[in-house]
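First residue of the sequence shown: -3, per the numbering used here; consecutive thereafter.
Take these hints with a grain of salt, some might be off.
To be verified - What follows is a set of in silico ranges between Cβ atoms, one per label pair, in the way DEER data are often shown: (1) Q139 with R211: 31 to 39 Å; (2) R101 with G175: 21 to 29 Å; (3) G223 with R134: 52 to 60 Å; (4) R216 with A38: 52 to 60 Å; (5) E224 with Q120: 54 to 62 Å; (6) D227 with E71: 24 to 32 Å; (7) T54 with Y83: 45 to 53 Å; (8) G201 with V131: 28 to 36 Å; (9) P261 with G175: 17 to 25 Å; (10) V182 with P117: 55 to 63 Å; (11) T54 with P261: 17 to 25 Å.
As the list claims (entries may be wrong) - Taking lysine-lysine and the DSBU-like style, the derived pairs with C-alpha atoms no more than 30 Å apart in a straight line are: (12) K121 with K68; (13) K68 with K115; (14) K118 with K68.
To be clear, the hints were calculated from the coordinates, so they are not data collected in a lab. Ideal placement from N, C-alpha and C gives every residue a C-beta, glycine not left out.
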Amino acid sequence: MNPTLLLAVASLSLATPATSAFAAQNARIVAENGQASPTAAAPTLGYADTVGRVLQSTLIVDATIRSAVRIKGAEAATVPTNRARFYVEADVVALIRGPSAVAPRLGWLADVPLDARGKAPKLQKMRVIAFGRTVANRADQIQLVTPESQIAWNSGDEAQIRRVVRDVLAPDAPPAITGVGNAFHVPGTLPGEGETQVFLQTASGDPVSLLVLRRPGEQRRWAVALGEIVDEAAGPPPRDTLLWYRLACGLPRTLPASAVANEEPARAALATEDYAFVVSALGRCGSGA
């Protein structure tokens, strides 16, 4: 059996000293600013797609493919016509997410896209990032979280993935949204003035709420609170952050009628309008957002 290779989650690389120095500098910039350095390529994965795969993965590796064997017949019967299935063995370059120890060479099944002529890419020696889960009793095997969760390595993707991993594992990471609790609207003293508050349900039970402010002569404003106290000055979360993802991808598109069941019809209508305003401002989850 291959000896176990110990890898540092944030910084281990098998590159040359000069490359390692650049990688360390880039990692420092990413850690400090939460974004890729100016020299990083643009990510090929959208932010929401990256978060979705990170959340499903217990192991994410940067690896170089040593061998790839195409799988045909019954074992590839479910593969789309524009893809081909391969059994891949790859040498681990760096561990992006996972336990402190991982086998130096891993194998997995991957469905890779064909080119315009229907030809499969040359995978040998390709540097890739794989999102996977460990396989019981097989330290040298992983299962990709989806058949397409092997992507060509890209400095922008790596930086974004590392940022998402750090945000997901942070002690103060925003919880997953599982539904909407109660919502109510309180009119102000002036015509057109009022506030809507929406209490959200979360997987952890931690409180999350939305506040929408209406002021005469002003555009509606909204804020999100992670806690019991709502700070209207906090504002909405920036796009492509974990809190934005939790809301954009976790909130139902319309306010459930049960959330305003105890409200007067006029106030319920305003609360519903304000909720729709928040959902519209967030945009859709995923690459089509």
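Outcome of the hint check:
For Q139 and R211, the hinted distance range of 31 to 39 Å is not satisfied, since their beta carbons lie about 53 Å from each other. Distance hint check for R101 and G175: the Cβ-Cβ separation is about 44 Å, which falls outside the suggested range of 21 to 29 Å. Taking 52 to 60 Å as the suggested C-beta distance range, the pair G223 and R134 does not conform, at roughly 43 Å. Restraint check, R216 to A38: a C-beta distance of roughly 33 Å breaks the suggested window 52 to 60 Å.
Checked against the hint of 54 to 62 Å, the C-beta distance between E224 and Q120 comes to roughly 56 Å, which is consistent with it. As the Cβ distance of D227 to E71 is approximately 55 Å, the hint placing it in 24 to 32 Å is violated. Checked against the hint of 45 to 53 Å, the pair T54 and Y83 fails, with Cβ atoms roughly 21 Å apart. The hinted window of 28 to 36 Å between G201 and V131 holds, with their beta carbons roughly 32 Å apart.
Taken as a hint, the range 17 to 25 Å holds for the pair P261 and G175, whose Cβ atoms sit roughly 23 Å apart. Between V182 and P117 the beta carbon distance is about 59 Å. The supplied range of 55 to 63 Å therefore holds. Between T54 and P261 the beta carbon distance is about 48 Å. The supplied range of 17 to 25 Å is therefore violated. For the hint pairing K121 with K68, the CA-to-CA distance comes to about 22 Å; that is within 30 Å, so the pair holds.
Annotation: proposed proximity of K68 to K115 holds, straight-line Cα distance about 14 Å (limit 30 Å). For a cut-off of 30 Å, the pair hint linking K118 to K68 stands: about 17 Å separates their Cα positions.
Hints 1, 2, 3, 4, 6, 7 and 11 from the earlier list are contradicted by this structure; the remaining hints agree with it.
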